[in-house]
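> If you want the building blocks of each chain, they are given just below.
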Amino acid sequence: MTDTATPTTTPKDWTSDQEVRWCPGCGDYSILTAVRLLMPELGVSRENTVFLSGIGCAARFPYYMNTYGLHSIHGRAPAVATGLAVTRPDLDVWVVTGDGDALSIGGNHLIHALRRNVDITILLFNNQIYGLTKGQYSPTSEQGKVTKSTPFGSLETPFNPISLALGAEATFVARTHDMDRKHMQETFRRAHAHTGAAFVEIYQNCNVFNDGAFEKITAKDARPDQLIPLVHGEPIRFGAEAQHGVVLDPDGRLRLVEVADVGEGAILVHDEKRDDPGLAFQLSRLAAGPYEPTPIGVFRAVDRPEYGAAMSHQLLEAQERKGPGDLASLLGSGGTWTVPG
Amino acid sequence: MSTATEHPTTELDRVVIRFAGDSGDGMQLTGTQFTSVSSLFGNDTATLPDFPAEIRAPAGTLAGVSAFQVHISDHDILTPGDAPSVLVAMNPAALKSNGHFVPPGGTIIVNVDAFDERSLDKAGYTSNPLLDGSLASYTVYEVPMTSLTMEVGKEAGVKPREAERSKNFFALGLLSWLYSRPTEPTLEWIEKRFAKTPQVLDANTRAFRAGINFGETAELFESNYQVRPAAHEPGTYTNVTGNTALAWGLIAAAHQANLPIFLGSYPITPASDILHELAKHKEFGVRTFQAEDEIAGVGAAIGASFGGSLGITTTSGPGIDLKSESIGMAVSLELPLLIVDIQRGGPSTGLPTKTEQSDLLHAMYGRHGEAPVPIVAAMTPSHCFEAAMEAVRIAVTYRTPVFLLSDGYLANGSEPWRLPDVADLPALDVEFATETNHVAPDGTASFWPYIRDENLARPWAVPGTPGLEHRIGGLEKEDGTGNISYDPENHERMVRLRAAKVAGIARSLPPLEVDDPAGVGGAPVLILGWGSTYGAIAAGVRRVRARGLSVAHVQLMHLNPFPSDLGDVLKAYDHVLVPEANLGQLSKMVRADFLVDAQILSKVQGSPFRAAEIELAVLELLGVDSPATTEADEEVAS
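As given, the protein sequences belong to chains C and L, one line each in that order. Residues 102 to 442 (the numbering used here) are what the first sequence spells out, left to right. Residues 7 to 644 (the numbering used here) are what the second sequence spells out, left to right.
If you are wondering where the hints come from, they were derived from the structure by calculation, not from laboratory data. Computed from a predicted model, the values in this text were never measured in an experiment. Every residue gets a Cβ at the ideal spot worked out from N, C-alpha and C, and that includes glycine. One or more hints might be untrue.
Said to hold, decoys possible - Calculated cross-link-like contacts (lysine-lysine; reagent style BS3-like; alpha-carbon spacing at most 27 Å):
no., chain 1, residue 1, chain 2, residue 2
1, C, LYS283, C, LYS374
2, L, LYS609, L, LYS577
3, C, LYS317, C, LYS249
4, C, LYS283, C, LYS113
5, C, LYS423, L, LYS286
6, C, LYS423, L, LYS202
7, L, LYS594, L, LYS609
8, C, LYS423, L, LYS198
9, C, LYS235, C, LYS317
As the list claims (entries may be wrong) - Pulled from the structure, derived: some chain C residues nowhere near chain L, Cβ distances all over 12 Å:
no., residue
10, SER131
11, GLY268
12, VAL403
Please model the complete structure; the sequences and the hints are all you need to start from.
Put into structure tokens, the structure is as follows:
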């Protein structure tokens, strides 16, 4: 994959000298490894790469990458990243966030960064729990979740991050999980290559406060029947023998079927480039939670003008029209009069 | 120039006119144009727009009254005037809510057509003030503005309802005649402004001319007036509001520093005009980002600063509360950031369109932890330019967030400004780090983001610079390396370093300008002001001195750190009086820092101090029992 004209680096080059301090067994380690191993393949340089984060366990990520990094405040990383990305289109800007950071305190910034289509790559580590504050329910925790702050069970309907991103006009929306490095890397590679805001939800295990939240679908032996890989242009099929599939019923609903029952031709073909995000949204609702067959991969990848480039274009246009800014004429622009000496 | 043929023209050295009408009557436009013509004519001017927070409160109600006060003179003036000598009231509500500003003997010009029973009732009048003798102490001119305007509107072919909307141009014409204002600039302005709607242009032009003609021909006014041009210093002048001057100051500073501007802002009164102004000037490389909220506005500005732009955020009142956490982050990141706060009445939503100086202590202390932020305050509308440049100088030199405080009075008020020569603007040298700055014992070179220069500023190393990759964040950092550190000794060292860096800015400040003709310590009373109280204090000082009494004046532009000589100056006076549009915030600061018995002169009424209020407070301190000087007295005196 490596372009010969671009920098040659090794995963070690991308590893900072800081000791990684996540709990042993945390899913974050496998994501970090996937990213460190991927970077040399992307053919990008360390100095032009920036990782930004907010607050939470995932937010420590930038310290562990030997790139430029900014560990900002809770929920605000998409806003900080917006300012950086639109002023420095030459940089690769990554945002690492979690379900509390991105979907609770920072929900507003996330949806607006997606809507504007700022050129950033957002990795949302979804472990369905607050880890750094020691185990309160999060906006993606299942209803009824018993935690320290909800001893009688949480009352709230969780967010579906993929549905939320699609509703926020995101142009690239994908899901992967921390048990499959190859799938993570392919998903991150696609997200990085996308122009505009790329949103990746990563199912990530918190082995201390929410162990096994995704086990029913991500355990190696469960995957064939529980993970539905989305591949552009291919019928949506899953199972060890690809024996299961997804069909679009005449009433407009998606349904899981046995391919043998309906025939191969009846299986829905995945189209990540559809203008209308409706089908992608339906796919995001196929599973009620990570305990039944769940689509992974790229839900949507469409082209729309990127925000920073559009902003830069307006600047260039103004400079072409008016010439470079001239201070003296600016100060005189409101009408002047002269008092002779 | 329009001059009356049969009326004598009386010379005045100055006049204060207040235009008042419904929010939809165009009083701000009328007042602004009257000011602009007067400035062009060569008068000194100062303005005080005074409007409600509601865009269009129900017509004819007190809540919907919008006013614009302008002071024009043939000499240098400092305030929009304590009291109007002329009130133009477009309806009963305008008279009711503004009549009391006019001192006895003043002139009131009313749109008599609007004084019908229903409008009087809406304004809360039980009897018609034009008939019941309650205005006996004033000279009242009753002018049928609506009907005369509708008459000429008919000729322009506009529908009656629309014709009526030109009546502010009638008022503008009448006042232009009354004060012998040149008419051409206004006619040209109307032509430009309404070019897209020829019928409206025609109606407004006719109404404006009708107002002039009415003054000339109606046997109503005994004379008209002339206020001669002021003896301004030679130079090129323009009329600016504080918000415009501030926006231009930011552009000039960024230009001098060779940095692109990134403004992250969320619309809020009265700061939005800075966003509007900056958004117009993309040819300077200015990026404006209307963020999803106040927090995103400042967050994005910090991101831009990290990338090597001049990150700026502009806001007011509640917006400052929301930005506090991010400002604290900028303190910790030690990156340049400008926070522009156009102060307004608080707490909470407070008085969105009214002025106040009540965010000083918030700017000073409104963050958790020890989080020092330098503070610069603008003193007059045109001084906003210089204050903006100074705030940027501090931000980029010391790599720190800086508060720039203005307020609603400066933001919307205007004054003539002698344009600086662009070639004379101070240079701002900004250098990004390009080299490693540390060598380990084994000889390996590396970059430490928290090694400091002689100003205690850390290097500004922007992404894209090879070999300087580093991570920063809001967690406490180890001195030098910038690595996360929870070490107690290191934390105290970092807290003290950040404080010392900000305190050290004082070394770059010039000595205070003490206005005391007898030399520092010569007068018995020192008035210590900050920011927008400058004009009222300086005018009050003139009045005290006109009585043969002594008073000194210092106006602070730097509130954190204070100039190094402030303590010595304060201690040289027996009395220190601190007028502030709050309950005593600067006075608390100087009491705490210098143990001086600073006396508070508070005013929190949403309006700036009057010169008379300053004068009276000084007289009281001096033990002089006398009424304050009025502008009428001053006119006689001059």
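> Now look at each hint and say whether the structure bears it out.
Cross-check of the supplied hints:
1. LYS283(C) with LYS374(C): 23 Å, holds
2. LYS609(L) with LYS577(L): With a Cα-Cα distance of about 25 Å, the restraint between LYS609(L) and LYS577(L) holds, given a limit of 27 Å.
3. LYS317(C) with LYS249(C): 24 Å, holds
4. LYS283(C) with LYS113(C): Holds, at roughly 19 Å.
5. LYS423(C) with LYS286(L): Given pair LYS423(C), LYS286(L) holds - Cα atoms ~11 Å apart, limit 27 Å.
6. LYS423(C) with LYS202(L): It holds: about 23 Å lies between the C-alpha atoms, which stays within 27 Å.
7. LYS594(L) with LYS609(L): OK: LYS594(L) and LYS609(L) at ~15 Å, within 27 Å.
8. LYS423(C) with LYS198(L): 20 Å, holds
9. LYS235(C) with LYS317(C): 24 Å, holds
10. SER131: 21 Å, holds
11. GLY268: 15 Å, holds
12. VAL403: At about 22 Å from chain L, VAL403(C) clears the 12 Å cut-off, so the statement holds.
No hint from the list above goes unmet by this structure.
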